[in-house]
Amino acid sequence: MIYKLQFVDLLPYWDVLARGLVFTIVLTCVSTAAGVAVGTCGASARAFGPRWLAGVVAAYVEIIRNTPFIVQLFFVYFGLPTLGLKLTEAEAAFLAMTINLGAYSTEIIRAGIEATPKGLIEAGVSLAMTRMQVLRHVVLKPAFQKTWPALASQIIIVMLGSSVVSQISAEDLTYAANFIQSRNFRAFEAYFVVALAYLLLAITARALLRGLGARLFPGARS
Amino acid sequence: MPLVSIRDVRKRFGENEVLKGVSVSVEKGDVVAIIGRSGSGKSTLLRCVNGLETHDSGSIVVDETPVDNARTDMRELRKHVGMVFQQFNLFPHLTAAGNVMLAPRVVNGVSEKEARDLAAAMLAKVGLSEKMDAWPSQLSGGQQQRVAIARALAMNPKVLLCDEITSALDPELVNEVLRVVEKLAAEGMTLILVTHEMRFARDVGTKLVFMHQGMVHEEGPPKELMAAPRTPELRQFIGAIA
Amino acid sequence: MTDFSVWVIFSNLLLATRWTIALSLIAFVAGGVVGLALLFARMSKFRPLAKFVALYIEFFQGTPLLMQLFMLFFGVALFGVEISPWTAASLALTFWTSAFLAEIWRGCVESVPRGQWEAGSSVALSYMEQMRYVILPQAMRIAVPPTVGFSVQVIKGTALASIIGFVELTRAGTMLNNATFRPFLVYSLVGLIYFCLCYPLSFAAKRLERRLNAAR
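Residue numbers (our numbering), protein chains in the order written: chain W, 1495 to 1716; chain R, 3 to 244; chain P, 88 to 303.
Because the hints were derived from the structure by calculation, they are not lab data. Don't take every hint at face value.
Said to hold, decoys possible - Calculated lysine-lysine pairs in the BS3-like style (CA-CA distance at most 30 angstroms, straight line):
| id | chain 1 | residue 1 | chain 2 | residue 2 |
| --- | --- | --- | --- | --- |
| 1 | R | K209 | R | K225 |
| 2 | R | K133 | W | K1612 |
| 3 | W | K1635 | P | K293 |
Stated by the list, open to error - Chain R regions said to be covered by chain W (calculated; three or more residues, Cβ under 8 angstroms):
| id | segment |
| --- | --- |
| 4 | 83-89 |
| 5 | 92-101 |
| 6 | 104-110 |
Note that the structure is a prediction, hence the values are computed from the model and not measured. Even glycine gets a Cβ: it sits at the ideal position worked out from N, Cα and C.
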């Protein structure tokens, strides 16, 4: 039998798709901001913090990088309530993504910090800056500038990975596809259209992040 | 009371004692050139003066403030002690003006506009008015080093430490940097330079310090010392360089 | 329902880990073979082919692996062919892996200095001969650390096969959780097993990269 693709059957569900799209975008933006903030603190702690703290951060990074996101998500959503921390689907999704991106960005930003020449830190110190001022003005900014492309592609990987949050019934783009195909039985069409939506999101995000990088870090590096 | 007084300073890195009781005093307006072979301890001595290295014993006093990492407010000290490095160490993410403005802004809390005016004045002083908005990567080594000098001057230091500031430069770029330092000396800035530029030390210096194996081997007026070295080590050193 | 001791849970998870390992191996090996073919096609002088492969890579890198799994699982069924979760997962992970490996390896090939190509052609080697004798031996050395590093992503990627019903480690965890209602314990153990699979590879990748950097 020859199957005929019927994309028209998706049209009645456009609002479901739109809501899913918005959820995915918001979830990505919020957890990106939080994850990069976690990464900045984590990287600073690893590079300059006391030894025990650096060790804790290193363990966090390795645990997250060496386990699947879906397991982290299930742990947060199903496991944490047994400790008394009850989360909604959206909260669990946000928390899991932040923890995940936080670990990767800690590692990325740390590489940037470690690439800071020792002489720059001495120059900052010699200009009577405090340790925190040196960290902020002399170390972190160039570290971000240097690692921005890596950070940007990690953000996109995390966005694509967010499709897994549909598995705890967080109502994202993938959830929308699941919902539609359960109603109209047009599984392939639904997933194909949603896959294209992710592709467009990824391409748009890449362009936006590149533009943001150019704006945040003007000028050529040596 | 001398502006900078270094007395019997000792410093060891593990087994290796690099400073074995060094004493030097620097009066206001002095231009002190420290010379000597690599490994003689001259850079370490300079770095002890603004606390980038800690000394093990002896005393260093700058403008009546003892330099003692455990007790002194090192930031307060460093506001008055500028430093220029061999490798320039310009901040790559900031323009020339941005490099000069950073410390006045974050350390002294100067406004953006004032800081920019200050940067303009300092960059003019080193002959780089037209390079205010250039990035370090767009500047030659000589220009970068002049920006680094402007950056140090912007904090209005009482003494400026120069650690082999021409050693990383191509030969044709050395003079533009030395001319700036000479001008500073003529304006009365107190300078302590670790240098290999013997002619510059002789013509501009008010005092020459020859270091050898972690000690001050000879010191005195540059012209006298170079014309008639008292020890064979200095004679040999001058012979090797010239 | 009987009482589940920690040991019973753990041993059941370990049994399911076989399938995680098997699926990872299939995806990595098959993905590597396909990826190598893609690499040659991507670097081919025949523009339409290179362009097509670029699109292939863009698609598999730019869409969620979960979508790829769903599309394969439901797409093949459209042709009236029954496809098992096992086959669907193997195929989807192979395509996904191949796209990433092809791109990683292209980066390695391109990091070989242009002068090496020129030196190759100056001694009259053909394009394929330059690739075979001059470029690939150098690129392969550079490619080892990121390739080992990517194997970690493959292992973690297999966890998504649980969603289309393939019983591997994550799926076994979900089933055990449903039976025992001890999510904290179950998912901790699942995470621990993944960690034991992945960490040695991550560690090796880091070591190899450091050694490579030191050698240069």
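Comparing the hints with the structure gives:
Restraint check: the Cα-Cα separation between K209 (chain R) and K225 (chain R) comes to about 9 angstroms, which is no more than 30 angstroms; the hinted pair holds. Between K133 (chain R) and K1612 (chain W) the CA atoms are separated by roughly 26 angstroms; this keeps the pair inside 30 angstroms, and the hint holds. The suggested pairing of K1635 (chain W) with K293 (chain P) holds, with an alpha-carbon distance near 25 angstroms, which does not exceed 30 angstroms. Under a criterion of three residues with beta carbons nearer than 8 angstroms to beta carbons of chain W, the stated coverage of the segment 83-89 of chain R is upheld, 5 such residues being counted.
As drawn, the segment 92-101 of chain R meets chain W at 5 residues by the rule of a beta-carbon pair under 8 angstroms; at three or more, the given contact holds. Proximity of the segment 104-110 of chain R to chain W, defined as three or more residues with a beta carbon under 8 angstroms from a beta carbon of that chain, is established by the 4 residues found.
Consistency with the previously given hints is maintained throughout, with no hint failing.
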